Every structure is written in C-alpha cells, then in structure tokens.
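S.K.: Sequence:
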Amino acid sequence: MPIQVFNTLTGKKEEFVPLEAGKVKLYACGPTVYDSSHLGHARMAIVWDVIQRYLRFSGLQVTFVRNITDIDDKIINRSKELKIRPDQLARHYLYEFWADMYALNVAPPDIEPRATEYLQQMILMAEDLVKKGKAYEAEGDVYFDVSGCADYGKLGKKNIEDLKSGAREQVRSQNELKEVKRNPVDFALWKSAPETETGWQSPWGFGRPGWHLECSSMIKSVLGETIDIHGGGEDLVFPHHENEKAQSESLHDKPLAKYWLHNSFVNVSEEKMSKSLGNFRTIADLLRDYSADTVRLFILQTHYRNPIDFSPESMQAAKQALMRLVRAALFAETEENGSGFYPSKHYSFDVKAAEKYKGDKTLSEFHNEFVAAMDNDFNTAVAISHLFGLADKISASKNDAERKLWAKALKDYAGVLGFTLADTRKEVDKNSTEQVLSLLLQLRQDARANKDFKTSDLIRNELAKAGINVMDTAEGPTWEKA
RNA sequence: GGCGGCAUAGCCAAGUGGUAAGGCAAGGGUCUGCAAAACCUUCACCCCCAGUUCAAAUCUGGGUGCCGCCUCCA
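Going by our numbering, the final residue of the first sequence carries number 482, and the count climbs one at a time with no gaps.
Treat each hint with caution, since some may be false.
Each computed BS3-like pair below joins lysine-lysine, with the alpha-carbon atoms no more than 30 Å apart [what the hints assert, rightly or not]: (1) 23 <-> 319; (2) 254 <-> 131; (3) 393 <-> 319; (4) 12 <-> 158; (5) 134 <-> 154; (6) 157 <-> 191; (7) 319 <-> 430; (8) 132 <-> 154; (9) 398 <-> 361.
Have a look at the derived ranges for each label pair, beta carbon to beta carbon [as the list claims (entries may be wrong)]: (10) 81 <-> 455: 58 to 64 Å; (11) 434 <-> 87: 40 to 46 Å; (12) 307 <-> 385: 17 to 23 Å; (13) 369 <-> 10: 44 to 50 Å; (14) 124 <-> 84: 55 to 61 Å; (15) 198 <-> 254: 32 to 38 Å; (16) 285 <-> 140: 41 to 47 Å; (17) 151 <-> 19: 48 to 54 Å; (18) 284 <-> 252: 38 to 44 Å; (19) 82 <-> 284: 17 to 23 Å; (20) 162 <-> 381: 46 to 52 Å; (21) 428 <-> 252: 26 to 32 Å; (22) 81 <-> 23: 31 to 37 Å.
Simulated from the structure, these hints should not be mistaken for lab results. Everything numeric in this text was worked out from a predicted model, so none of it was measured. Ideal Cβ placement from N, Cα and C applies to all residues, glycine included.
Kindly produce the complete structure, drawing on both the sequences and the hints.
M.R.: What follows is the structure, encoded as structure tokens:
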C-alpha cells in the first residue's frame, strides 16, 4: 500500500509518489523567533517530526528542511520595545526554540536555513522576477504583480476579484496607504526602510525582504526548484504559501511543490491559541507539568488536520494513557529509548531493523496495521491505538521471551512516532525531595527525643551514604548535599 | 461579506457506503492489613429533517450550532 497524503492544493487525498524514486525533499515552515514557543508550535514541530520520521521508516531517503525566520517586522518591533538589537532578540528566541525542540525529542532537521543567511539569494530572485516582468519596482519597493499569475488563489481557494473588492477593510486601508501598488493584492518582495533600521543594500536601495520571499529563495537554494512536500500550519496557506508558490512558479515555470500539507491548530476553550490573543502556555511551562511523551501523545491522538482543544483534563488523560505504554515497554528490560530504528544518528533509520520482528505472527500483524494507519495520511491516532493493542498483549502474555520481544517492538514502533517511552515515574522533583527529607529529619528528631539514638544515628548515617549531610544547629536540624 | 472545515459515549478522539478503533473517567472483579498502583472486565445505533441505496456515521439537499482563513500568526 502506497502512502496517501492529503494535498491542500487539490483538496484530496493522493498517492504519494516522490519526484525521484526513493527520495523525498521535504520543507516545512518553521517559527519566527520573536517570542517563546507555545503548544501550537510544539504541534507543528511534532507533526512534521513524525512525518519525516515515518517517511524514513518507510525506506525513503528524506532531506528535511525547516527554516528559521530571524528577521521581520515583529522581531524589529519587539527588539525596539526591549531596546536590544533585532539579531540579539532573534538569537535569544532561537536558542529557546532549540531547547524546546530538544526537550520535546523533536529530531533536528537535516538543514535549518535562516532568512538572514539568504539575503543575496532573495535579492537575486526579486531581480529575476522584475526582469521577467512578473514584478515591478515602485519608490524603492518591489511588488509581485498578481495579475500576471493565472493560478493565483488556487492554493488558498481565493478569488482575486473578491480579494480586490470584497469586504477586506485591510485591502482598502492598504490601498490608501500604498498608492504605489498597482493592485491592492500585489505583495511586497522588497520593502524600503530607513538606513537607521535593520536592513540591507539592494538594487532598489536600502530595505528588507518581504516575508514570503525567504521560503521561496531558501527552497530554491537548498532543495531545488521543485520539491516533494511543502508544509506548515494551516494559517500559512494564505497568503504565505500562496505567495511563495506564485513567486517561485512565475520564475521557474514549474511547480514549487508536488504536495502541500498543512497541520491544524491548538485551541484553548475553542479559541485559537496564539501569541496575539495571549492565551498560550509556553512549551517550557508545559514541560514542567508533563513529560515530552505526554505532550506528544496529547498531540498525536488527534489527526494532524483536525483542531485540538487544549485542556488540563485532556493532558491528564494523555498522561494516564502514556503510563500504560511505558509499563508495557518495561518488559523490554533495556535502557535504550524507543529508537531501535535509529541505529546511531537521527538521520538514517535502519529500515531492516523491522525485519527482525517479521517472523513473529503477532508483530507481523501489528506491523501491517501500524503501517496501514500511517500510510493513510499519517493517521497517528489509529497507529497509537495499535500501540495500545500491543501493550495489552504484552501485559497479558505469560511467555517471558515473547513478552520481551513484543516490548522491544513496542518501543521501536513508538520511536517511529518519536516517543521514548522512558520510565519517568521515579523522577522526583525538588519539592518532593525536600518534603521527604523533612519527614526523615522529623522522624530522627522524634527518635532523639525518645533517646533512641540507634535509630537517629541510623537515619543520619544512611542519609550520609545517600549523599545528604545532616547538621544539627541551634535552630534545629538541617541538611545539604554532601 | 467571501472561502474552507467540523458536529461520533460523561470527556478526548479514529472511522469517507457494509453494520461504531483507541484513550481518560465511571461500574464490576483479581490482588491487598488499609490505601494506591497494576492487571482483567463492562460501557454508543454517530446534531436535526428529507433524499439516494439492498445497505449511510459515512453520499446528496436543507436546517441548527461551533471553529478557522481572508491582517501578524504554527
């Protein structure tokens, strides 16, 4: 069974056929690093992480590119507020993003281009578009001429006439603001800026690139003129991806991407979680309460194209559910985390590793069900239901060898979805540690009060062995790490 | 206003023509000094109306409710 993917461009599920047999060029739009990442970004990252992991598991040679937008108006505005340079701000949040990704067990992309590294390519692309008559200069700005693009609106299912006239207040105000545009729907490839601000020299003077241009340029530079899959959050469909597509295809006269895939959002109380609404919880904040696996399970239990409503109850449900998988995986009796299909590095799955399970009837059936679910537009919810099915069989089995083999398989297949199934139940936080020590010191005080020095000394000596020094002071007993 | 999507058990959520995956919660049971955990087990005719079909949660039309995009956004 071939892999089926839902293509936003056609609105249908299609058979996935790579441009070049056995290879996949995959590009997903990454974050703009101007603030902390929230659960919505975690979903984007996890969904694309799983897609690229699964494509590799399927035996395809994947080049996964995820970009970083490290220069744009939001970054500049925020940096002005904070009175630091835009590049400092971007670097700060990029580091934070990386830390979040690492904590979430999101595998690093093969290539992670940053917009600021591709200025020359962007300028070149804008120049080429002007030369080809697809874009025009106006007072130091360069605009893409939408009227010269027959397909415009196809991806976002928009009608140019509606966009021009419709009820778009923004279009009107933009129109009044920017008389230089020939058409209100034309979008900027290059925007002039005062030399006192962040910017670059260009054939049209000092300025900055339009947002959409970076992805077009980076895709071209890193992957080529046509790629297999272009993805991102569904809010990027229009205008971001529509405009990328218009630019690239006008210049190259060939498709930018064969398949366009978009993930849905995380809502809070049925309202979109977003930075502008201020209703988000950061990833770091979330990871204080829930493990990376829990967050991942919460996200992957819903199909990537459906919205998820965040609630503490749902997170708690995911946490409970995860414990069943973790418990079953313990029978594998190995410290390795669920990455048996990763022989050494993230970048190459050992597809043949799956072969070792083929001889077992239960695992062979499980494999077929798992693959059928994932082949069907990455239906992680169904794939996970089969993980639970396998977990049940593991718990029910009385045969040690069989149980161990199944548990290893459970870890490996869970690893394809990016789960570690690490047993975190014994990881005690600082607060609990303090309470436990406080209790021990209290018991010791009670023993001393009863002149039971045998017990009190036992507690002190054993704590010393455990790396805790107990000290009796004038204010009472206290402790510190030895 | 235009475009797109969604409505499935107490909650979350798969399922795109053949008679409802999975998870959480809840009830029952095993285990247990008590409790917890763990394990076993029970639990739905799919928003409303009409239609197509031998057969519909799944297709068509209408209605109601909710959400997203059209402006920065994953």
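S.K.: Which hint numbers doesn't this structure obey?
M.R.: Violated hints: 1, 13, 14, 17, 20, 21, 22; rest satisfied.
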